[in-house]
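Chemist: Okay, here's what each chain looks like letter by letter:
There are 2 protein chains.
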Amino acid sequence: MSLSKLGEFALIDRFKRLIKLDKTVFKGTGDDCAVLKFDRKHYQLLTSDMIVEGVDFTSGTNPYLVGRKAIAVSVSDIAACGGIPGHCLVSLAMPRQTKLEFVDNLFRGMREVAEKYGINIVGGDLSRSRQLTIDVSMLGLVKKKELVLRSGARAGDFIFLTGPLGGSFKSGHHLKFTPRIKESRYLAENFNLHSMVDISDGLIADLGHILERSQKGAVIYEELIPKNKYALSLKDALYSGEDFELLFTLPQDAARRLLKKQKGMRFFLIGQIISGPKKILLVDVKRRCRELETKGFRHF
Amino acid sequence: MSLSKLGEFALIDRFKRLIKLDKTVFKGTGDDCAVLKFDRKHYQLLTSDMIVEGVDFTSGTNPYLVGRKAIAVSVSDIAACGGIPGHCLVSLAMPRQTKLEFVDNLFRGMREVAEKYGINIVGGDLSRSRQLTIDVSMLGLVKKKELVLRSGARAGDFIFLTGPLGGSFKSGHHLKFTPRIKESRYLAENFNLHSMVDISDGLIADLGHILERSQKGAVIYEELIPKNKYALSLKDALYSGEDFELLFTLPQDAARRLLKKQKGMRFFLIGQIISGPKKILLVDVKRRCRELETKGFRHF
Chain A
-15 MSLSKLGEFA LIDRFKRLIK LDKTVFKGTG DDCAVLKFDR KHYQLLTSDM
35 IVEGVDFTSG TNPYLVGRKA IAVSVSDIAA CGGIPGHCLV SLAMPRQTKL
85 EFVDNLFRGM REVAEKYGIN IVGGDLSRSR QLTIDVSMLG LVKKKELVLR
135 SGARAGDFIF LTGPLGGSFK SGHHLKFTPR IKESRYLAEN FNLHSMVDIS
185 DGLIADLGHI LERSQKGAVI YEELIPKNKY ALSLKDALYS GEDFELLFTL
235 PQDAARRLLK KQKGMRFFLI GQIISGPKKI LLVDVKRRCR ELETKGFRHF
Chain B
-15 MSLSKLGEFA LIDRFKRLIK LDKTVFKGTG DDCAVLKFDR KHYQLLTSDM
35 IVEGVDFTSG TNPYLVGRKA IAVSVSDIAA CGGIPGHCLV SLAMPRQTKL
85 EFVDNLFRGM REVAEKYGIN IVGGDLSRSR QLTIDVSMLG LVKKKELVLR
135 SGARAGDFIF LTGPLGGSFK SGHHLKFTPR IKESRYLAEN FNLHSMVDIS
185 DGLIADLGHI LERSQKGAVI YEELIPKNKY ALSLKDALYS GEDFELLFTL
235 PQDAARRLLK KQKGMRFFLI GQIISGPKKI LLVDVKRRCR ELETKGFRHF
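If you read the sequences in order, they're chains A and B.
Residue numbers for the first sequence follow the numbering used here, beginning at -15 and rising by one.
Residue numbers for the second sequence follow the numbering used here, beginning at -15 and rising by one.
Quick caveat, the hints were computed from the structure, so don't treat them as lab data.
Check before you lean on any hint, since a few could be wrong.
Where chains are identical, the list cannot tell them apart; a pair therefore holds if satisfied intra-copy or between any two copies.
[As the list claims (entries may be wrong)] Here are the simulated DSBU-like pairs of lysine-lysine, each with C-alpha atoms no more than 30 angstroms apart in a straight line:
| id | residue 1 | residue 2 |
| --- | --- | --- |
| 1 | K83 | K0 |
| 2 | K0 | K100 |
| 3 | K83 | K(-11) |
| 4 | K244 | K0 |
| 5 | K100 | K7 |
| 6 | K21 | K(-11) |
| 7 | K11 | K166 |
| 8 | K166 | K100 |
| 9 | K244 | K127 |
| 10 | K25 | K7 |
| 11 | K100 | K21 |
| 12 | K7 | K21 |
| 13 | K244 | K128 |
| 14 | K247 | K129 |
| 15 | K25 | K0 |
| 16 | K129 | K25 |
| 17 | K128 | K213 |
| 18 | K0 | K211 |
| 19 | K154 | K128 |
| 20 | K11 | K100 |
| 21 | K11 | K244 |
Make the full structure from the sequences, and use the hints.
Modeler: Below, the structure is given as structure tokens:
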């Protein structure tokens, strides 16, 4: 059987069998970051993201934006766990004929994002390949009491988004997005977050991850889903992915408090967690309810 | 200018300009691992290594051995700093038509090495690419007093190797090598190591790294260089690389002690650190002395 038949999520499941955990690991795979024991008050977060030419960006993409994205996707993972990024390594493979100007612009994009979030680029590796490939591994810290996982959603929680969805590839948003560190900080410091994830595979797929981990269901409302101007359709907003907004759930009292104090940020209430099976119900503008398929972006 | 003209080491120098260090970083690039502050007694080590099909292994290579190598090269980096590996992430990009059996064997190779050294594989990333590409990032710990860098060689130190060199690609050693954790442990716990590096770019290039960082020179003796049976020539043993043996320097009294107590391991004395310029002098079997060019494996 080839990977295209098996599918990415089945492959990830196979990969998980690799996972050996000793007592120094608080949480292995299955979340945005691995969570490692650190000191009395903190966990250490560890994540890696690989971007590949022709898959995550086209070969004509401005290298400055490619460098930006390479760092920003890992920052988004740290944000999704309520943490603060600290250090990263950059492994880079590129063709022999790559121009120096291209590399300098790539590095400039990386450096700008790293500096903005106070991240030390402490090393990496260089290799040669036909497609430009960048893997960034990032370390972060999170206070134990501020750690948020995908697995904590409870029935009755309100479901929120930090921004509008859709058309990310078309608009270039997937290259230029701002990782939601500011929002994550505000939420983690001031609210009792039950669960959080960043939208990389698409709203429905990533909400599906929260439901799967939390063993819950969800109802979302078509009229509440924020679509940006590049979203071609509701379907695009629900499934296309690479939005890098945060999706999180809050108990109702905290939700009401958040809606009153948005502090210049934007938080969109889109639905509610329900008990029972891991399905997602969509209430459309005519108040009809239907169950959605939890599919999303697939690499294979 | 393209990368093939610029060369890998000039590119690494450009990359280093990226490096921003705050007080939580003890040592950034320029060594086998980045060294981060951790607790009162330990530093944390962080390293990443990317291997690419057609560069670091051929497309026909047994996937079990590819998986093995992907993990082992990072273990070797941790060993070169005197540390103990703890956690790793695996980022993997591969073609859509990759067979499941291939992936299972790849994972088996990774798991075996990880288990042997007590390493938790805590997550990673999956993507699609034309060439199989694996980047492993690894965390380790080292006692502060046991940390060894490339920069500590002193004039008069004796220079040692943990094993014979040469013919690594031809013999398959670059896929099957045993990372020198056992040797590193014995040395770090019992001897005052002044400097250490693992041989990935070739003896002369990696000794060059020690000399560059330590601002010293070296004399090595042709008759003392241990060549394995696959080494085609002295030149092959000196320059070909991917041996993954440790190269280290010890003050003379410790060196004498080591030569008496090898504890079933093998330590080969090959020469001595000298003061002054960063050149490497080779004394041949006829006692003639010549200066060597410090070149090694180049990706570009």
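Chemist: Against which earlier hints does the structure fall short, listed by number upward?
Modeler: The structure conflicts with hints 4, 6, 17, 18, 19 and 21, although it agrees with all the remaining ones.
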